[in-house]
Each structure stands twice: as C-alpha cells, then as structure tokens.
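Visitor: Based on the sequences and whatever the hints tell you, model everything.
Protein chains in written order, with the UniProt record's numbering: chain A, 1 to 235; chain B, 1 to 235; chain C, 1 to 235; chain D, 1 to 235.
Check before you lean on any hint, since a few could be wrong.
[Said to hold, decoys possible] Below, simulated DSSO-like cross-link-like pairs (lysine-lysine); rule was C-alpha separation at most 27 Å, straight line:
| id | chain 1 | residue 1 | chain 2 | residue 2 |
| --- | --- | --- | --- | --- |
| 1 | A | K145 | D | K224 |
| 2 | D | K17 | A | K53 |
| 3 | A | K224 | B | K180 |
| 4 | C | K214 | D | K145 |
| 5 | C | K53 | B | K10 |
| 6 | D | K17 | C | K234 |
| 7 | B | K87 | A | K219 |
| 8 | C | K145 | B | K224 |
| 9 | C | K219 | D | K145 |
| 10 | D | K224 | C | K224 |
| 11 | A | K145 | D | K10 |
| 12 | A | K87 | A | K180 |
| 13 | C | K234 | D | K219 |
| 14 | C | K214 | C | K159 |
| 15 | B | K3 | B | K234 |
| 16 | C | K17 | D | K17 |
| 17 | C | K10 | C | K53 |
| 18 | C | K17 | D | K53 |
| 19 | D | K224 | A | K17 |
| 20 | A | K224 | B | K17 |
| 21 | A | K17 | B | K17 |
| 22 | D | K3 | D | K53 |
| 23 | A | K87 | D | K219 |
| 24 | D | K234 | A | K17 |
| 25 | C | K10 | B | K234 |
| 26 | D | K145 | C | K234 |
| 27 | D | K219 | C | K224 |
| 28 | B | K10 | A | K234 |
| 29 | A | K17 | D | K17 |
| 30 | B | K180 | C | K53 |
| 31 | A | K234 | B | K145 |
| 32 | D | K234 | A | K53 |
| 33 | B | K145 | A | K224 |
| 34 | C | K234 | D | K234 |
| 35 | C | K17 | B | K224 |
| 36 | A | K10 | B | K53 |
| 37 | C | K224 | D | K53 |
| 38 | C | K224 | C | K214 |
| 39 | B | K234 | C | K17 |
| 40 | A | K234 | B | K17 |
Don't read these hints as lab results, they were simulated from the structure.
There are 4 protein chains.
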Amino acid sequence: MVKDLNEIKKRVCEANKTLPSHGLVKFTWGNVSEVCYELGCIVIKPSGVDYDKLRPEDMVVTDLDGNIIEGDLNPSSDLPTHVALYKAWPEIGGIVHTHSTEAVGWAQAGRDIPIYGTTHADCFFGPIPCARSLTEEEVNTAYEKETGTVILEEFTNRKLDPLAVPGIVVRNHGPFTWGKTPEQAVYNSAVLEEVAKMSRLTEQINPRVQPVPKHVMDKHYYRKHGANAYYGQKS
Amino acid sequence: MVKDLNEIKKRVCEANKTLPSHGLVKFTWGNVSEVCYELGCIVIKPSGVDYDKLRPEDMVVTDLDGNIIEGDLNPSSDLPTHVALYKAWPEIGGIVHTHSTEAVGWAQAGRDIPIYGTTHADCFFGPIPCARSLTEEEVNTAYEKETGTVILEEFTNRKLDPLAVPGIVVRNHGPFTWGKTPEQAVYNSAVLEEVAKMSRLTEQINPRVQPVPKHVMDKHYYRKHGANAYYGQKS
Amino acid sequence: MVKDLNEIKKRVCEANKTLPSHGLVKFTWGNVSEVCYELGCIVIKPSGVDYDKLRPEDMVVTDLDGNIIEGDLNPSSDLPTHVALYKAWPEIGGIVHTHSTEAVGWAQAGRDIPIYGTTHADCFFGPIPCARSLTEEEVNTAYEKETGTVILEEFTNRKLDPLAVPGIVVRNHGPFTWGKTPEQAVYNSAVLEEVAKMSRLTEQINPRVQPVPKHVMDKHYYRKHGANAYYGQKS
Amino acid sequence: MVKDLNEIKKRVCEANKTLPSHGLVKFTWGNVSEVCYELGCIVIKPSGVDYDKLRPEDMVVTDLDGNIIEGDLNPSSDLPTHVALYKAWPEIGGIVHTHSTEAVGWAQAGRDIPIYGTTHADCFFGPIPCARSLTEEEVNTAYEKETGTVILEEFTNRKLDPLAVPGIVVRNHGPFTWGKTPEQAVYNSAVLEEVAKMSRLTEQINPRVQPVPKHVMDKHYYRKHGANAYYGQKS
Chain A
1 MVKDLNEIKK
11 RVCEANKTLP
21 SHGLVKFTWG
31 NVSEVCYELG
41 CIVIKPSGVD
51 YDKLRPEDMV
61 VTDLDGNIIE
71 GDLNPSSDLP
81 THVALYKAWP
91 EIGGIVHTHS
101 TEAVGWAQAG
111 RDIPIYGTTH
121 ADCFFGPIPC
131 ARSLTEEEVN
141 TAYEKETGTV
151 ILEEFTNRKL
161 DPLAVPGIVV
171 RNHGPFTWGK
181 TPEQAVYNSA
191 VLEEVAKMSR
201 LTEQINPRVQ
211 PVPKHVMDKH
221 YYRKHGANAY
231 YGQKS
Chain B
1 MVKDLNEIKK
11 RVCEANKTLP
21 SHGLVKFTWG
31 NVSEVCYELG
41 CIVIKPSGVD
51 YDKLRPEDMV
61 VTDLDGNIIE
71 GDLNPSSDLP
81 THVALYKAWP
91 EIGGIVHTHS
101 TEAVGWAQAG
111 RDIPIYGTTH
121 ADCFFGPIPC
131 ARSLTEEEVN
141 TAYEKETGTV
151 ILEEFTNRKL
161 DPLAVPGIVV
171 RNHGPFTWGK
181 TPEQAVYNSA
191 VLEEVAKMSR
201 LTEQINPRVQ
211 PVPKHVMDKH
221 YYRKHGANAY
231 YGQKS
Chain C
1 MVKDLNEIKK
11 RVCEANKTLP
21 SHGLVKFTWG
31 NVSEVCYELG
41 CIVIKPSGVD
51 YDKLRPEDMV
61 VTDLDGNIIE
71 GDLNPSSDLP
81 THVALYKAWP
91 EIGGIVHTHS
101 TEAVGWAQAG
111 RDIPIYGTTH
121 ADCFFGPIPC
131 ARSLTEEEVN
141 TAYEKETGTV
151 ILEEFTNRKL
161 DPLAVPGIVV
171 RNHGPFTWGK
181 TPEQAVYNSA
191 VLEEVAKMSR
201 LTEQINPRVQ
211 PVPKHVMDKH
221 YYRKHGANAY
231 YGQKS
Chain D
1 MVKDLNEIKK
11 RVCEANKTLP
21 SHGLVKFTWG
31 NVSEVCYELG
41 CIVIKPSGVD
51 YDKLRPEDMV
61 VTDLDGNIIE
71 GDLNPSSDLP
81 THVALYKAWP
91 EIGGIVHTHS
101 TEAVGWAQAG
111 RDIPIYGTTH
121 ADCFFGPIPC
131 ARSLTEEEVN
141 TAYEKETGTV
151 ILEEFTNRKL
161 DPLAVPGIVV
171 RNHGPFTWGK
181 TPEQAVYNSA
191 VLEEVAKMSR
201 LTEQINPRVQ
211 PVPKHVMDKH
221 YYRKHGANAY
231 YGQKS
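Guide: Structure (structure tokens):
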C-alpha cells in the first residue's frame, strides 16, 4: 500500500492541535512531526503558527535530510533535531517537542526524572534521562542538529532502547518524546508531563524516597508492552 | 425487587464517565465496578477504552469470581483486585481505581495520608493507609489479585472498617476507594484526591504540624455518618 | 423601603452558585447566608444540596436566633456559626464558609496567613488570623455555635475590626469570610484563597521573607476603602 | 498614515480582555495601555471595570502626561506608572500590569526571577529583575508615579534595555511588562508568569541549580530577536 502524503499531513496537523488540548503548550511552543520511509519524507509543523489556525496544507514536507520539498512556510526551527533522531532510530515514526511546565522543571534542574511508580513504568522502562546542556561550540555551529546529537549520545552512553524509554529532557531546555506514530509520541509527551509532576510531589512528600522496586517496574511495563501484554483490547 | 442488569451497566458506565469530569484520570487510567449479589455478578469497565466512547453495552459482566459471563471486550486488568475486595467485604457495593495525581504522590512516597482537618474527617475516619509494595513473588504469580490481598492485609492488621475508611493508596502504585455504591466510591476517590493535596500543602506550610485532635475528627465524621448524622437532608 | 424576602432568596441563591464558578468548593462544601434586620431574618443555603440544582425557593429562612421560619429543607449545618457572627457584628450583612484548598492548607497548618504584598492589603488590613481549634467540651456541647464563639474570641483578643479583616481560618477546619453583602463575602473568600496560595509560594521562594512594610499595606488598603478611596468608579 | 483613535481603543479593549483568558487576572486586577505619539495620547482601561463588560468606548484617553482628554470613567489607578514608563522609554508602545499568581510569588519574596532555561531566554535576555519596595515618603507623595520611578531606577542601575528585558516584578506588589505593542506586552506577561512557575519548580527539584549557560541564553534570545532571528515566518 502506497502511503498518502495528504493523509500524513492531516495526521500531523491533528497531532499538533492536540498539544494545547493536553495542556502541553502555550502559544506556539511545541511541534510534532512524522517520518515516512516509503515516500522518503518528513512532515512537520510550520514555525510560529498558532495551533488553532493550523491546516493540513500548512504542514511543511522535507526529505530525510530536512531539505524542504513542499510548503510555503518555514518549518519548525527544531527540524534538524527531528532529522537527527529519525536518522539514528529507524524504528520511530513520530517526534514531539514541547516546553511543558513540569518537564521543563526537571530539564532546568538538570536531573533525570526518577521512576517512583507504576504510572511511570506503564510507559517508560526506567528513569527519563536528562541530557547534558550543549557546549558553546555546539550551540554556535548547528544548535538544533547538535541537540539531536546530545540526545543520541545520552541514549548510546546509557545503552537505552528508544522505544522502551520514549523520551528525554534536555538540560536547560525541555522534553522531546517519540513513538511509532505521531499519536504515540504525543501520548508519551502527556505521560512524561504527568509523571514529572508526580515525581516532584513524591519527593516533596518524602525527601528520602527510593525508586520503585525493579520487579514492579518490569511487571507494569510488560503488562502494556511486548508479546505478553494483556492491558487493553486486541486490535 | 429483582435487580436489572441493564440498570447496573448504565450506572457503572455513568460512574466511569464521571472520573475525567472530576479530574481523577487521564486517558484510560481508571475504572469503576459494581457488585450485585442478587444477580451474582460484577459489572466493570472494559480495559483501555476511552471514557467518552464508553456505552452501557460495553460494560463487562463477570461472576463473583471474575469469570466473564457477558461482553465482547476484555475487562479492566485490575478486575482481580476488585474481586478480592468484594469477596472479603460484602458490605461494599462499588470500587474505583485511578492514578489521580496527588494520591499517587503519597502512594509513591510510601506514606499514609495524615488526617489534618475536617475535610478529611467528613469522609475518612482516620489517616488513609498506604499499603506496602508487593513482593517479587506476589508480582510474578497473580499481580492484580495480590494487590487486593495486600490491601486486605493492611485493613486486617490495622483493624480498620472499610466503610469508615473507604480507601487506601498502594505503595508505588495509586489509590483504590470503595463505597456502598459506585457513586459513593467515586465520591470517595474525589475526596481522597482533594485531601491528599490539602495534606501536602499543610506540611509545606508547617512541617511540624500535628494531626487533628480526635474529638474534632469524631465530631465531623459522625455529623455525616451513622444514626446521629445531621448533615444534609433526610432521604 | 421595605426589603423583599424573595429578592434576598434570589441573591443568596445566586451567591451560593458563584462558589463553584470561583473554584472555591467541590460537591456541596460551602454555604452563603444573608441577614436582614428589617425583616428580622437570616436566609441560608439548605444543607447538602448541589449548587446547580439550587433554586431561590430552596433557601431556608430563619429568625435572628436561627429558628426556621420558612423552608422545607434543613439549613446548612453551619447555621449556628453564622448566627453567632451576625449577633456580634451588626455591621456585616453576608457570611461565606468553604473548604477551599489553599485556605484549608493554612487552617490545617494552624498558622495566620502572613501579609506579604498588595494583593492581600487591597482586601485584608493585616494578616488573616487563624483561630484556635475547639476544645473537646466545645465540640461536644454546641460545635457549630462554638465555632462562632472561637472566631469572635480571636477578633476580640486581637482587637480586630471585622470589616477591615473580613475573614479568618479556623484551625483544623477552614475559612469563614463576611462582608456588607453576600456578594462582598464571596469576593473576600476568593481573595482569601488567592492570597493563601500567594503566601505559600512566597515562603517557598524565600523562606526568610518578611511581611510587607506597614506604609505599603496602609496605602493599598486605603486606596480601595474609606473616605479617601480612589480605586474604581464612583457609584 | 494617521493613526485612528477608535482602532487604538478597540485594540486596547481587546488586549485587556485577553488577560483573564490567559489566566493572568482575577476580578479587575490588571490593566493594559497603549501610547500613540502621533496622536499624543495614552489609551488605558477604566478602573475597576469587569473585563467581560469592557467596550472600546469605555477606554480612557489621556495626554502624554496622563491628563484625561476623553472618557467618562476614571482611568486605571496605575495610570501614573504607565505615564512614567512611556516618558522614559519612547521605544515601547504598550504596558501591562497584573497580579498574576506566580509572578506575585517572586515579587513578594523580593527576588529576581533567575534564568534557568530556554523558555525564559526566548523572551527575556537575562533574569527578570525585582525592583525594591517603595519608601514611606514615596508611597505617601505620589505612589503610582513613584512605582514607575523605582522601575526606571532599577533598569538604569543595572544598565538594562527595556526591549531586551521587557518586564519586572515590583517588591511586595507584582509584575509590570511592556512591548512595542499592547499585544506584545500581554504576551510578555504570559511568558513572565510561566517562567516564574518554571523557576519555582526548578529550585524545588534542585535547590542548588545554577543559571543557564550564557551561550545558550544568547542563542535562544537571538533565534527569536534581531537581524539574524530565524524563528517563525517572515512577516
């Protein structure tokens, strides 16, 4: 089945519009993209356009290197970060970046989001990593591309699977999430924001709290993921 | 009067739909059930279905052991926890499980929610207990059933009456509440979430705060419950 | 001009309905009353009735001692507190009681709400006092009436003017506010809740913060109150 | 092109109405103005009028010294602060004052809002200053005018450019922001409120956090401002 570019544009447009309804963005502070290997393209939100004015035909289409193929508007300035992640991780199909409040709290604090319970384990198999801040050289050469490099470096160093830990917070900046589809990437953004808040409250209530036991984390993650998952309905 | 199964399905469906309107759930993260001893059944939400798409005919009907009698969809994966509580406590008629944010904060922190005032005492006669986390063996044999066992163990050890303290938080997981009806169980979930927040704020404002005096707790609880209650209207 | 009882019922009903829209109550956790000396009556919300079902004809009318004159429903269980305050303070015309979250935080913490800025000073001329918890004897004899006595004791001991400091939090319980009219009493409840939150955030950001200088407090209070007020429009 | 006074009134009215929709004000606690040098006037919200009742014809028009030219209503009591800022900074075209909760938290705490990340740097080139509280003499002579003087003193002492740092919090009081237009001033108020919250959460999560590195701050600010900006669409 050949993929339909108009369907992708429609889907990316819709996924972008869900960001404000999930409370993840103010103004134009977030973007969603989808990659399609059959068509050899990435479809992404135009930069600085309000979500409620966004139409499918406003989406910007680029090749897999981020060169614009179609669209009159500038793509999101974060496009090079999306390109870097898609190139490294062919298993993912959608990426989301936001400045959601609680996630930014951890990004600015420069800390991994600890895994304290099952809400977190249902979606992220372990702590949500905090990537280091970019160096002056990285910022001044290709800032948005290097943001992608820093994320990939963190996953390589920690030997993490991007589908098992589908998100990160970049120090001094904010969260990036991904998934097999743009819809899953948005879902993961919403979960990241919620568990970021839960972890903050948890430490406030008990400053000496320890992470969730590994067997509980394993159980909850595999209840929802993999061959033996039994949550939800068979699709 | 013979109970009408369709009425129960309708009531359970409606009770599930109130979870997002009370701000207690995101996505599909919560479930409500009702037990009926006359008909010998439990009616519960199907697993992973959105609240706004839920129809009475989607509810799953099981016998009192949790074996499916009616319904094409999988029941909530937490069904065995509901079954365990109904078996132990014939006085309750409805159960609710959510991942509401403030309650999860206490669950993850591994602390009982202290009773600091009358809002709490109006509904819960004492601190809201935090049950221990499950052992590796419990998790790996029958996780959801053992979650029920751990809750019952906590109530037995502390000699608590489930109608006087109609809820608990399970360590590293989240809140479970119950009541004579599903509506009461939902009400108790909403109160638990609110007093979880109030207790957190109270400790932030005064880290050395002490629990409410027993005579105030008694007064407020019995103003609303039991033979001498005088709050509200005679029904 | 003779006061019209139906107008008062309508006003009290409307004032009660604004409590949830200001975010001050959940379920039925709050009540508003008005006193009328010409008609010799108090009009108050019935106990335990939902705000969205409240109609003017549901309001309960009592004499100035709280004896029911008119109405088929039970009055708010807090009626004796309202009666006690009206008897002591003929200058007030309306009273509000809620369990609003941030105010309850201070009540449960057992602390006065400090005055840290102009938002507070625009409405409350000084800290918002926290009244002591009731003794066992007070609770067991006439709980709701004694709640009023404890509030009055606090104002007498501190030599406070109830129109200059139109509210209090009662320890382990929650806020009471009042004003010349029910509308003003509701406004004061909303301001109390907001400054309760602001004071909490202020102490979180700077644990060694000092109260607002007296000359700033005086200026802001008298900008809005008294003969030389110049905020707003001439009515 | 001669400016149209009716257009300005309409714009100022609309900008005022966006304050509650951005969650920046309760009741009547905020005001927006615009200055026009061609027409030699300032257009500002009337004092104490509800936002939902505000009509363009209700706006108050003054000369550049704040003397009323047109309008039956009293102008916002903060008018003299607006006048002082417009006189000192001809590069700004609109001013906003609110009592937004998180910003007031920092104002009351008497602290600059530290710059911990890119959300802040996208809009404010450095920490958001906290101006000192007014002296007793300043309060008693010309309070609102002196509030402007204190803001200007802070910017002069710190050698700050009002378009690079388009806002401040005044100690014990609250935030003032500005911009080339009223719309930009409102946007800056919303960003100030959001970064005030983010900075509070950041310090809660990591009490020893350090400010964002200067090269990241520079990058984000200049991505959106100045000749080399590349965020958004070419207008």
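Visitor: Against this structure, judge whether each hint is valid.
Guide: Against the structure, the hints:
| no. | hint | in the structure |
| --- | --- | --- |
| 1 | K145/A <-> K224/D | holds, 17 Å |
| 2 | K17/D <-> K53/A | holds, 20 Å |
| 3 | K224/A <-> K180/B | violated, 31 Å |
| 4 | K214/C <-> K145/D | holds, 19 Å |
| 5 | K53/C <-> K10/B | holds, 22 Å |
| 6 | K17/D <-> K234/C | holds, 22 Å |
| 7 | K87/B <-> K219/A | holds, 25 Å |
| 8 | K145/C <-> K224/B | holds, 17 Å |
| 9 | K219/C <-> K145/D | holds, 14 Å |
| 10 | K224/D <-> K224/C | violated, 41 Å |
| 11 | K145/A <-> K10/D | violated, 43 Å |
| 12 | K87/A <-> K180/A | holds, 14 Å |
| 13 | K234/C <-> K219/D | violated, 51 Å |
| 14 | K214/C <-> K159/C | holds, 17 Å |
| 15 | K3/B <-> K234/B | holds, 24 Å |
| 16 | K17/C <-> K17/D | holds, 24 Å |
| 17 | K10/C <-> K53/C | holds, 13 Å |
| 18 | K17/C <-> K53/D | holds, 20 Å |
| 19 | K224/D <-> K17/A | holds, 23 Å |
| 20 | K224/A <-> K17/B | holds, 23 Å |
| 21 | K17/A <-> K17/B | holds, 24 Å |
| 22 | K3/D <-> K53/D | holds, 26 Å |
| 23 | K87/A <-> K219/D | holds, 25 Å |
| 24 | K234/D <-> K17/A | holds, 22 Å |
| 25 | K10/C <-> K234/B | holds, 24 Å |
| 26 | K145/D <-> K234/C | holds, 22 Å |
| 27 | K219/D <-> K224/C | violated, 45 Å |
| 28 | K10/B <-> K234/A | holds, 24 Å |
| 29 | K17/A <-> K17/D | holds, 24 Å |
| 30 | K180/B <-> K53/C | holds, 24 Å |
| 31 | K234/A <-> K145/B | holds, 22 Å |
| 32 | K234/D <-> K53/A | holds, 17 Å |
| 33 | K145/B <-> K224/A | holds, 17 Å |
| 34 | K234/C <-> K234/D | violated, 48 Å |
| 35 | K17/C <-> K224/B | holds, 23 Å |
| 36 | K10/A <-> K53/B | holds, 22 Å |
| 37 | K224/C <-> K53/D | holds, 21 Å |
| 38 | K224/C <-> K214/C | holds, 16 Å |
| 39 | K234/B <-> K17/C | holds, 22 Å |
| 40 | K234/A <-> K17/B | holds, 22 Å |
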